[in-house]
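Enquirer: So the protein sequences, as listed, match chains R and B.
The first sequence begins at 1 in the numbering used here and counts up one residue at a time.
The second sequence begins at 1 in the numbering used here and counts up one residue at a time.
Treat the hints with care, as some may be off.
Restricting the straight-line Cα-Cα distance to at most 27 Å, the calculated cross-link-like pairs of lysine-lysine (DSSO-like) are [unchecked claim]:
1. R:K259 with R:K230
2. R:K230 with B:K56
3. R:K252 with R:K131
4. R:K131 with R:K113
5. B:K170 with R:K26
6. B:K157 with B:K168
7. R:K131 with R:K167
8. B:K168 with R:K195
9. R:K131 with R:K161
Keep in mind the hints are simulated off the structure, nothing from the lab.
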Amino acid sequence: MSTETSRDDFIIAIRSAFLKKGNRQKFSLFTLLIISILVLSLEYFKTGPVNQFRSITKDIIFRGSYVVSSPFKYVKNKYYLFQDHMSMYEEFSVLRDKDLDLDSLRKEVDFYKSENALLKNLIEERDLFSKEYMLTKILLDKQSPYLKSLIINKGQKNGVKLGSAVKDRLYYIGKVVNVNFLSSRVLLANDLNSKIPIIIEPSGINAILSGNGNDDYAELEYLPTDNDIKENEIVYTSGSDGTIPASIPVGKIIIQDNKKYVKFYSNLNQLNYVQVNK
Amino acid sequence: MARGNIKFYQFLLNGFPIILLFFFALTGYSLSFQIFKFNISFNLIHLIVFYWVLRKPEMLGYGLIFFAGIINDVVQNLPIGISSINYLLLCVIASFFRTRTLVPNLIYDWVLFFIAILIVSSIHFTVLAIFFDRSISYGALMSTAFFSFLIYPAVAKLFNQIYLLGLKQKNVE
Numbered sequence: 001m002s003t004e005t006s007r008d009d010f011i012i013a014i015r016s017a018f019l020k021k022g023n024r025q026k027f028s029l030f031t032l033l034i035i036s037i038l039v040l041s042l043e044y045f046k047t048g049p050v051n052q053f054r055s056i057t058k059d060i061i062f063r064g065s066y067v068v069s070s071p072f073k074y075v076k077n078k079y080y081l082f083q084d085h086m087s088m089y090e091e092f093s094v095l096r097d098k099d100l101d102l103d104s105l106r107k108e109v110d111f112y113k114s115e116n117a118l119l120k121n122l123i124e125e126r127d128l129f130s131k132e133y134m135l136t137k138i139l140l141d142k143q144s145p146y147l148k149s150l151i152i153n154k155g156q157k158n159g160v161k162l163g164s165a166v167k168d169r170l171y172y173i174g175k176v177v178n179v180n181f182l183s184s185r186v187l188l189a190n191d192l193n194s195k196i197p198i199i200i201e202p203s204g205i206n207a208i209l210s211g212n213g214n215d216d217y218a219e220l221e222y223l224p225t226d227n228d229i230k231e232n233e234i235v236y237t238s239g240s241d242g243t244i245p246a247s248i249p250v251g252k253i254i255i256q257d258n259k260k261y262v263k264f265y266s267n268l269n270q271l272n273y274v275q276v277n278k
Numbered sequence: 001m002a003r004g005n006i007k008f009y010q011f012l013l014n015g016f017p018i019i020l021l022f023f024f025a026l027t028g029y030s031l032s033f034q035i036f037k038f039n040i041s042f043n044l045i046h047l048i049v050f051y052w053v054l055r056k057p058e059m060l061g062y063g064l065i066f067f068a069g070i071i072n073d074v075v076q077n078l079p080i081g082i083s084s085i086n087y088l089l090l091c092v093i094a095s096f097f098r099t100r101t102l103v104p105n106l107i108y109d110w111v112l113f114f115i116a117i118l119i120v121s122s123i124h125f126t127v128l129a130i131f132f133d134r135s136i137s138y139g140a141l142m143s144t145a146f147f148s149f150l151i152y153p154a155v156a157k158l159f160n161q162i163y164l165l166g167l168k169q170k171n172v173e
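Model the full assembly from the supplied sequences, consistent with the hints where possible.
Expert: Set out below in C-alpha cells:
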C-alpha cells in the first residue's frame with residue numbers, strides 16, 4: 001500500500017514538474033523542451049532560409065553581446081594600457097641598447113624577397129592565396145580554458161571566407177571557422193580544437209601546432225623523434241592544408257622539461273583589431 | 001530616496017535573477033582561470049537557474065531561461081538549442097525536488113545540485129558527442145561540475161540575501 005502511494009507521489013511530482021505552469025509562468029517545461037529539441041534538430045539544415053535565419057540571429061546576438069560587454073572591455077583595455085605604460089621605460093632601455101640597423105636589415109629582406117620571387121618563377125610555383133588582408137574590429141573575445149575565439153565585425157557581406165587566415169600585425173593568430181552575414185567567428189591558435197600545419201625554420205621540420213588552452217604557448221604534435229630543434233627557432237605556417245597561406249610567422253620554440261612548445265608572438269588577450277586574408 | 005530611485009532599486013532587486021542570467025548568457029562570462037596549468041571554471045548559469053527555480057520559481061520564467069540558452073549557444077559556438085535543453089532539464093529536476101521537499105535545507109539542496117548538474121552535463125556532452133561529432137572532454141565535464149558544486153552554498157546565501165532585500169523593499173512600500 002505504502003509503496004503504491006510513494007509511486008503515485010513520484011508520478012505526480014514528475015507530472016507537476018513537466019506540465020504545471022506555476023505562478024507567473026507562461027509556458028510549461030514540456031512545451032519548451034519540445035521547442036528546444038525542434039530548434040536543435042534545425043542544426044542539421046546548413047543551407048537555405050534556415051541558415052540565413054541562423055546567420056541573422058547570430059548577428060543580432062553578437063551585437064547585443066558587444067553592447068553588454070563593452071564596459072568590461074573598456075576596463076580591460078585600460079588595464080593593459082596601464083601595464084604597457086608601466087613597462088615602457090624598461091622596453092625603451094632594451095631597444096636603446098640593441099644595435100638595430102633597420103635600414104640594412106630592410107635592404108637585406110628586399111634582396112631575399114626578389115630572390116625568392118625569381119626562384120618561384122623558375123620552378124613555376126603559383127600563389128594560391130591572395131596577399132590582401134582586410135582590417136576588422138573585434139566585437140567579442142571569448143576566452144575561457146575550453147574556448148578561445150573572437151567575433152569580428154565583418155562577414156559574408158564583406159567577403160570573409162570560411163578557413164581564411166587571421167593575423168595580428170605580421171603574426172598568425174587563428175582562422176575563420178564560422179561566417180555570418182555581418183560577423184564571423186575566428187578560432188584562435190591556442191584553442192583546444194585548433195590544429196595548424198607549421199614548419200620550423202631553419203631546421204625545416206614540419207609538424208602540427210595544437211592549441212592547449214594556454215594563453216602564451218601551444219604544443220607541437222607529430223614531431224620526428226630524433227629532431228634537432230633548438231630554442232628560439234621560428235615557427236611559420238606551412239600552408240600544406242591548402243587553406244592557410246604559407247610563411248606567416250606564428251611564434252618561436254621554447255623548451256621546458258625537454259618538451260618543445262611554441263610561444264606565440266602575439267598576445268592573444270590584447271587584440272582589438274585583426275586582419276583577415278581576402 | 002526619490003520615488004523614481006526607489007522604483008529603479010525595486011526593479012533591480014525583482015529582476016536580479018533575470019538580469020544576471022542574461023548578463024552571463026550574453027557575455028559568456030564563466031569566471032574561468034588557470035592555476036598551475038589546472039583549469040578552474042564555474043557554470044554560473046546552472047547555479048542561477050537551479051537556485052531560483054528551486055527556491056523562488058515566480059522570479060525566473062521558463063521562457064526567459066529558454067531564450068538565455070539560445071543566446072548562450074550562439075555566444076559559446078554550440079549547436080543552437082542544446083543549452084536550452086540543459087537549462088530546462090535543470091528546471092525539471094529543480095521543480096521535481098521542490099514538489100518533493102517540505103522544509104528547505106541548504107545541505108540537501110547542495111547535494112541535489114551536484115546530482116542535477118552531473119545529469120545535465122552528461123546529457124549535454126553525450127548529445128554533442130553522438131549527434132554533433134564533438135569529443136567528450138571528461139576533464140572539463142568533471143571540473144566545471146565540481147567547482148560549481150563547491151561554490152553553491154555561498155551563491156545560495158547571496159541570492160537569498162538579495163531576495164530578502166527585495167521583500168524588505170516591498171514591505172516598506
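Enquirer: Each hint: holds or not?
Expert: Hint-by-hint comparison with the structure:
1. R:K259 with R:K230: holds (11 Å)
2. R:K230 with B:K56: Judged against 27 Å, a Cα distance of about 61 Å means the pair is violated.
3. R:K252 with R:K131: Holds. K252 (chain R) to K131 (chain R) sits at ~23 Å (cutoff 27 Å).
4. R:K131 with R:K113: holds (14 Å)
5. B:K170 with R:K26: holds (24 Å)
6. B:K157 with B:K168: This hinted pair holds, its Cα atoms lying about 16 Å apart.
7. R:K131 with R:K167: holds (12 Å)
8. B:K168 with R:K195: violated (55 Å)
9. R:K131 with R:K161: Status holds; Cα separation ~14 Å.
The structure fails hints 2, 8 (numbered hints given earlier, in ascending order).
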